[in-house]
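> Could you put the whole structure together from the sequences, leaning on the hints where they help?
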Amino acid sequence: MLSNQFVISFFLLLCIPIVFFLVAPHVFPPPPRESLIPIADEIDDQILFRRASAGSSSHLSSGSPQPKLKIAFLFLTNSDLHFAPIWDGFFSGHPRSLYNVYVHADPFVNNITRPGNGSVFQNAFITSAKRTSRASPTLISATRRLFATALLDDPANAYFAVLSQHCIPLHSFRFVYQSLFESPRSFIELISDEPRLWKRYIARGRYAMLPQVPFDKFRVGSHFFLMTRRHALLTVKDRILWRKFKLPCYRSDECYPEEHYFPTLMNMKDPLGCTGFTLTRVNWTATVKGHPYSYKPTEVSSHLIHHLRLSNHSTSYFFARKFMPTCLKPLLAIADSVIFTD
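First residue of the sequence shown: 1, per our numbering; consecutive thereafter.
Among these hints, one or two may not hold up.
Label-pair distances were calculated between CB atoms; the ranges are [said to hold, decoys possible]:
| id | residue 1 | residue 2 | range |
| --- | --- | --- | --- |
| 1 | 199 | 243 | 18 to 24 Å |
| 2 | 117 | 196 | 45 to 51 Å |
| 3 | 252 | 43 | 24 to 30 Å |
| 4 | 341 | 237 | 38 to 44 Å |
| 5 | 96 | 272 | 31 to 37 Å |
| 6 | 46 | 118 | 32 to 38 Å |
| 7 | 291 | 329 | 20 to 26 Å |
| 8 | 113 | 207 | 43 to 49 Å |
| 9 | 46 | 250 | 22 to 28 Å |
Here are the simulated DSS-like cross-link-like pairs (lysine-lysine), alpha carbons at most 25 Å apart as the crow flies [to be verified]:
| id | residue 1 | residue 2 |
| --- | --- | --- |
| 10 | 130 | 237 |
| 11 | 246 | 217 |
| 12 | 199 | 244 |
| 13 | 269 | 244 |
| 14 | 199 | 217 |
| 15 | 237 | 269 |
| 16 | 246 | 130 |
| 17 | 246 | 269 |
| 18 | 217 | 237 |
| 19 | 296 | 329 |
Just so you know, the hints here were simulated from the structure itself, not pulled from any lab data.
Every residue, glycine too, gets a C-beta built ideally from N, C-alpha and C.
Rendered as structure tokens:
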């Protein structure tokens with residue numbers, strides 16, 4: 001009898017490591033991992049963000065003359081600004097008292113050509129730019145740097161349009177300006193029913209986002225959006241969500257932090273202050289490795305521009321992407337007669 005009890009006890013002892021191995025991953029979160037953001041870059045960013053948070057306000061000072069409100073156009077690029085001539089035409093004839101332009105260009109990309117004399121992009125490249133890579137938190141950092149720079153640069157910057165080098169305008173500047181200031185809200189997607197949302201949520205580990213970001217608050221949306229000054233200020237002040245979203249993912253094919261950070265932050269801070277849709281049109285019907293469809297020169301026409309403007313919402317699309325660089329010539333050919341004619 002004692003022998004049987006010894007065998008049972010010994011068997012139970014052997015089972016303990018097996019049970020722990022099976023249960024532990026579901027009970028205990030994985031150990032913390034290092035951020036993909038270099039420490040030096042993180043320190044530089046925090047200094048910039050603190051300056052922007054302390055030196056900016058969500059509105060102009062009531063004691064100073066009220067200048068016209070401006071749109072800050074924020075361009076993220078890791079290549080030449082191929083469509084600079086289109087954008088120069090977009091801004092042409094409109095006073096700088098209505099807009100500012102800022103460019104974050106990856107300094108590790110060699111031979112990026114900067115537009116020359118007379119271009120709105122000539123002196124628009126920010127000095128705080130750092131390395132960026134797709135599907136990484138570096139794109140979040142780059143966007144926040146643009147926000148911080150624009151917040152510090154001009155208190156009249158009231159709206160912040162995040163764009164890429166592949167974006168083009170679909171309307172005239174006058175149309176965009178007049179339409180935008182009819183709304184006090186940010187134009188950003190806060191999508192909660194995307195089929196792969198759960199897989200993206202656990203891309204850093206099943207419990208990595210907890211407790212600060214529960215799954216029911218997690219959102220996805222386009223990285224190209226229009227944000228109010230108040231919301232831009234919220235993003236540069238944030239520390240809590242950033243600590244979660246800067247963590248590296250276990251699966252790169254489910255990791256697009258720039259598509260989740262801003263929608264999730266806005267959903268948690270001020271969902272009623274957002275429209276829930278973007279004003280940048282994109283074609284996802286023929287994606288290639290997570291990239292949207294790129295329009296070719298032979299597809300550029302007045303019909304395409306009018307089609308891209310159409311929206312299911314009350315506001316027409318303002319911008320569109322992606323266009324191949326070789327689309328510049330046919331786009332310029334219809335710029336005045338189609339794109340800038342509303």
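> Taking the hints in turn, state whether each one holds.
Quick rundown of the hints versus the structure:
1. With their beta carbons about 22 Å apart, residue 199 and residue 243 fall inside the hinted range of 18 to 24 Å.
2. Look at residue 117 against residue 196: about 47 Å separates their beta carbons, and that is inside 45 to 51 Å.
3. A hinted range of 24 to 30 Å for the beta carbons of residue 252 and residue 43 is consistent with their spacing of about 26 Å.
4. Under the hint 38 to 44 Å, the C-beta atoms of residue 341 and residue 237, about 41 Å apart, fit the expected range.
5. For residue 96 paired with residue 272, a C-beta distance near 33 Å keeps the hint of 31 to 37 Å intact.
6. About 37 Å separates the C-beta atoms of residue 46 and residue 118, a value consistent with the hinted range of 32 to 38 Å.
7. For the pair residue 291 and residue 329, the supplied restraint of 20 to 26 Å holds, since their beta-carbon distance comes to about 23 Å.
8. Between residue 113 and residue 207, the C-beta spacing of about 46 Å keeps the proposed range 43 to 49 Å intact.
9. Taking 22 to 28 Å as the suggested C-beta distance range, the pair residue 46 and residue 250 conforms, at roughly 27 Å.
10. Under the criterion of a C-alpha separation no larger than 25 Å, the hint pairing residue 130 with residue 237 is consistent with the structure, at around 19 Å.
11. Between residue 246 and residue 217, the direct Cα distance comes to roughly 17 Å. Compliance with the 25 Å bound is thereby established for this hinted pair.
12. Taken as a hint, the residue 199 and residue 244 pair is honoured in the structure, with Cα atoms around 16 Å apart against an allowance of 25 Å.
13. A hinted pair counts as satisfied when its Cα atoms are at most 25 Å apart, and residue 269 with residue 244 qualifies at roughly 16 Å.
14. The straight-line distance between the Cα atoms of residue 199 and residue 217 is roughly 15 Å, inside the 25 Å bound, and the hint therefore holds.
15. Pair hint residue 237 plus residue 269 holds up; C-alpha atoms about 12 Å apart against a cutoff of 25 Å.
16. Between residue 246 and residue 130 the alpha-carbon distance is near 15 Å, which keeps this suggested pair within the 25 Å criterion.
17. Distance restraint check for residue 246 and residue 269: the Cα-Cα separation of roughly 19 Å lies within the 25 Å cut-off, and the hinted pair is therefore satisfied.
18. For the proposed pair residue 217 and residue 237, the alpha carbon gap of about 19 Å is at most 25 Å, so the pair holds.
19. Among the hinted pairs, residue 296 with residue 329 is consistent with the structure: their alpha-carbon atoms are about 11 Å apart, no more than 25 Å.
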